[in-house]
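Given next are the chains, with one letter for each unit.
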Amino acid sequence: MALLEVNDVSKIFPGVRALDQVSFTLQPGEVHALVGENGAGKSTLIKVLTGVYQPDGGELRYQDQPARFGTPMDAQQAGISTIYQEVNLVPLMSVAQNLFLGREPRTRLGLIDRKRMDREAREILTGYGVTADVRRRLGTLALGAQQMVALARAVMIDAKVVIMDEPTSSLEPREVQTLFGVIRDLHARGIGIVYVSHRLDELYQICDAVTILRDGKLVHTGKLADLERIKLVSLMLGRDMAEVRREGATAFSGTATGDTEAAPVLRVSELNSRHKLHDVSFDVRPGEVVGLGGLLGAGRSETIKAIGGAYHLDSGDIQVDGQDLKKPTPVRAVEFGIAVQPEDRKAEGIVPGLSVRENIALAVLPRVSRFGFVSDGKVDEIVDRYIERLRIKASSPDQAVGDLSGGNQQKVLLARLLATDPKVLLLDEPTRGIDVGAKAEVQSLIDELAAEGLGVVLVSSDAEELVEGSDRVVVLRDGVVVGTLTGADVTTEDLMATIATEAHP
Amino acid sequence: MTMGLASEPSAIVVEDVRKAERTDRIVGTVQRQGAPAVLIVVVLIALATFPNFRSLDNTATILVAAAPPMLIALGMTFVIITGGIDLSVGSLYVLGGVLAAWASQYGILAAFLLPLAVCGTIGVVNGLLIAYTRMAPFIVTLAALLGARGLMRAISSEGSDTYLVRNDAFRKLGNGSFLDIGYQVWLVAALVVIGLVVLARSRFGASVYAVGGSEDAASLMGVPVRRTKVWVYVLSGLLAGLAGAINAAKLGSGVTVLGTGMELDAIAAVVIGGTLLTGGAGTIAGTIAGVLLLGVIQNLINQVGNVNSNWQQVISGTFLALVVVAQTYLVRLRRVT
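So the protein sequences, as listed, match chains A and B.
Under UniProt numbering, think of the first position of the first sequence as 1, with each following residue one higher.
Under UniProt numbering, think of the first position of the second sequence as 1, with each following residue one higher.
Everything labelled a hint here was simulated from the structure, so no lab data went into it.
The reader is advised that the hints may include incorrect statements.
To be verified - If you want a taste of the chain A side facing chain B, the calculated C-beta under 10 angstroms gives, among others:
| id | residue |
| --- | --- |
| 1 | 92 |
| 2 | 102 |
| 3 | 104 |
| 4 | 108 |
| 5 | 109 |
| 6 | 112 |
| 7 | 155 |
| 8 | 445 |
Stated by the list, open to error - In silico lysine to any residue, SDA-like type, Cα no more than 20 angstroms apart, as pairs:
| id | chain 1 | residue 1 | chain 2 | residue 2 |
| --- | --- | --- | --- | --- |
| 9 | A | 115 | B | 197 |
| 10 | A | 115 | B | 196 |
| 11 | A | 378 | A | 342 |
| 12 | A | 231 | A | 201 |
| 13 | A | 115 | B | 224 |
| 14 | B | 172 | B | 255 |
| 15 | A | 115 | B | 219 |
| 16 | A | 47 | B | 172 |
| 17 | A | 115 | B | 203 |
| 18 | A | 47 | A | 201 |
| 19 | A | 115 | B | 202 |
| 20 | A | 160 | A | 201 |
| 21 | A | 378 | A | 402 |
| 22 | A | 47 | B | 224 |
| 23 | A | 115 | B | 198 |
| 24 | A | 47 | B | 197 |
Each residue gets a CB set at the ideal place from its N, CA and C atoms; glycine is no exception.
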């Protein structure tokens with residue numbers, strides 16, 4: 001008996017066929033991978049399954065009955081729970097309140113029984129490796145712990161189907177293992193899991209079956225073990241397998257473009273910030289991609305933010321093209337030709353409600369306006385140039401950025417940075433949360449930009465991306481530079497070895 | 001391949017989490033207890049400086065004067081915690097008073113039911129528009145402010161007709177007292193206690209916090225977001241109407257010229273009480289302290305005698321600005337660490 005059946009489901013939005021007769025089956029106790037590039041229709045399919053959208057054609061069958069979920073609440077009550085990519089809980093409320101919201105245990109008077117709620121929350125969360133005080137505000141927990149609370153909540157509602165949308169994107173490796181433990185437990189209890197992720201290693205570690213979508217259509221569904229990894233990637237991308245093999249895992253060309261003789265375009269010396277950064281120094285030459293390596297909390301993002309003027313420095317010198325950037329502020333950093341792509345593009349980067357055109361224009365306004373008036377013609381010219389150059393896929397420059405796929409949002413952000421005409425580009429996790437195809441495009445763009453003479457600083461927690469994308473890697477640990485990898489030493493093995501070397505003196 | 005397999009979180013990260021925890025606890029306490037603490041300090045100073053302040057009469061006066069604003073601020077607390085605002089309550093307060101005075105000729109029950117029915121209906125309309133058409137609460141309730149004021153002027157011939165309360169029972173309710181404390185104070189106290197319990201301990205209260213804390217998350221978690229929003233505006237309208245009615249009972253007439261700016265005083269009291277204007281956090285206890293603080297300041301200024309009473313607004317305004325600055329700082333502190 002199938003737990004959940006999707007039969008020829010279609011969903012049409014104005015101008016787009018987001019889902020075109022997609023079918024797949026989820027068995028009880030099965031961990032089913034749902035993969036595809038951004039825009040392939042995964043999110044739409046999830047929203048159809050969870051009652052956010054109504055299908056325009058086809059049929060859902062749940063526990064052998066035709067099913068129709070009018071609202072997310074309907075789906076939840078039927079036993080279909082979802083944990084979303086970004087934690088969807090209320091940060092200002094306590095951990096226990098978040099866990100029980102809407103289902104709080106009540107006293108005979110109908111009031112919430114706080115003691116019981118806290119006690120039960122503690123018991124439940126211990127099973128998920130979360131030992132924090134349940135009366136604390138959820139927002140004070142680490143992201144991984146918040147995700148576990150979300151998962152615990154999803155499972156608690158007597159779920160028969162749990163849909164996980166990129167559950168590991170904000171987890172540490174140790175937390176990923178805890179999550180997998182929980183998934184195996186759910187599997188044993190006969191709960192069906194739909195698992196959406198871009199991380200192939202994880203899929204092969206935890207999933208039984210796979211469904212691949214591309215451009216809203218089903219391209220493959222079946223046992224995952226029968227599907228070779230390279231075949232999976234080529235099905236997702238719709239590219240030739242040989243081509244995928246030849247190109248390697250990332251789209252970086254692998255050839256160094258930096259001119260080792262040229263004067264550095266960015267020189268950072270002895271940056272210090274309380275207990276976060278200690279004497280961090282490095283150079284970037286024009287055309288060079290310098291990677292910042294290290295574990296979470298090593299000071300990579302802080303370094304990038306500090307150079308961009310958005311993080312407090314106690315001391316340190318920053319030079320751009322030989323000129324001293326004193327007392328960096330974001331505005332002064334831009335004036336000096338420093339462009340920063342922040343780690344969290346949603347919170348710090350783009351303005352989702354504004355159009356592609358407006359987002360790009362934000363950065364260039366100072367250049368195209370005269371006496372405070374903006375020349376529309378000039379803006380259009382610049383916007384069109386970047387849309388074409390960065391291959392941004394939008395229905396028109398007037399489409400809201402929030403409606404674009406993650407990869408295209410990232411490209412809009414890049415366009416905005418480039419429109420300020422920078423000399424140095426600081427990229428913090430430029431490919432996080434975007435699909436394989438868009439990742440490859442962003443990676444080759446970084447290569448191209450460096451080849452044009454920009455100095456690039458790259459932070460990525462994907463070691464392969466960091467190593468293949470960088471000409472040199474500066475390795476940080478606990479805010480200290482512990483080594484620099486150059487030439488043939490830029491390998492994941494050397495990176496790991498450097499991170500693992502003896503603690504700093 | 002992801003980096004840092006087999007990595008333990010570095011000591012720095014752990015230390016940071018602990019620090020964030022501590023900061024959060026301290027900030028939370030200041031946000032919750034700040035207003036009551038300031039109230040106590042102000043009262044202590046007043047006791048030491050003004051000999052008349054300590055008299056039972058004066059206490060009763062402060063409480064009676066604070067009763068209608070307290071009701072309005074009570075409703076406003078719910079609204080602001082959902083992330084909304086209700087500008088219509090000042091107008092509803094006046095309208096409620098006029099309606100109660102007029103209806104008192106048909107008995108004490110009518111004197112309460114008519115303002116509650118009318119103001120409650122306006123609250124329903126506010127809530128429906130805000131919850132279902134996603135119009136900004138500011139605009140919707142501003143429209144209601146103008147509309148309710150217009151209605152009040154229409155039924156009172158441009159505000160020149162003053163309906164006298166002819167029902168003795170109703171008048172007595174406004175002027176009688178139990179244990180030297182006015183009846184209306186007891187009524188308001190009872191409602192405030194109910195409000196406190198509802199907000200802190202009911203599922204509806206939890207929904208109110210969830211809607212203000214993160215509307216999207218609340219909706220995905222199955223919280224009835226729209227229903228919650230409608231209810232807070234209904235509650236706010238009902239309480240404003242009731243405040244108008246008890247004021248009419250006290251004054252013995254439906255005065256048409258009071259109440260302008262009451263909504264702003266209520267918002268000020270709520271914010272001073274530690275409720276975040278952005279929603280998601282706040283307490284009734286804080287609001288009580290906020291209302292009493294403004295009331296005590298007013299009372300002290302009256303006692304000084306030769307000071308222009310407008311100074312009360314200057315002081316309240318300054319105080320409000322200080323609280324908002326402190327709040328902003330506290331919230332930022334919480335985020336940064």
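(request) Output the numbers, in ascending order, of every earlier hint that fails for this structure. (result) 4, 7, 8, 11, 13, 15, 16, 18, 20, 21 and 24
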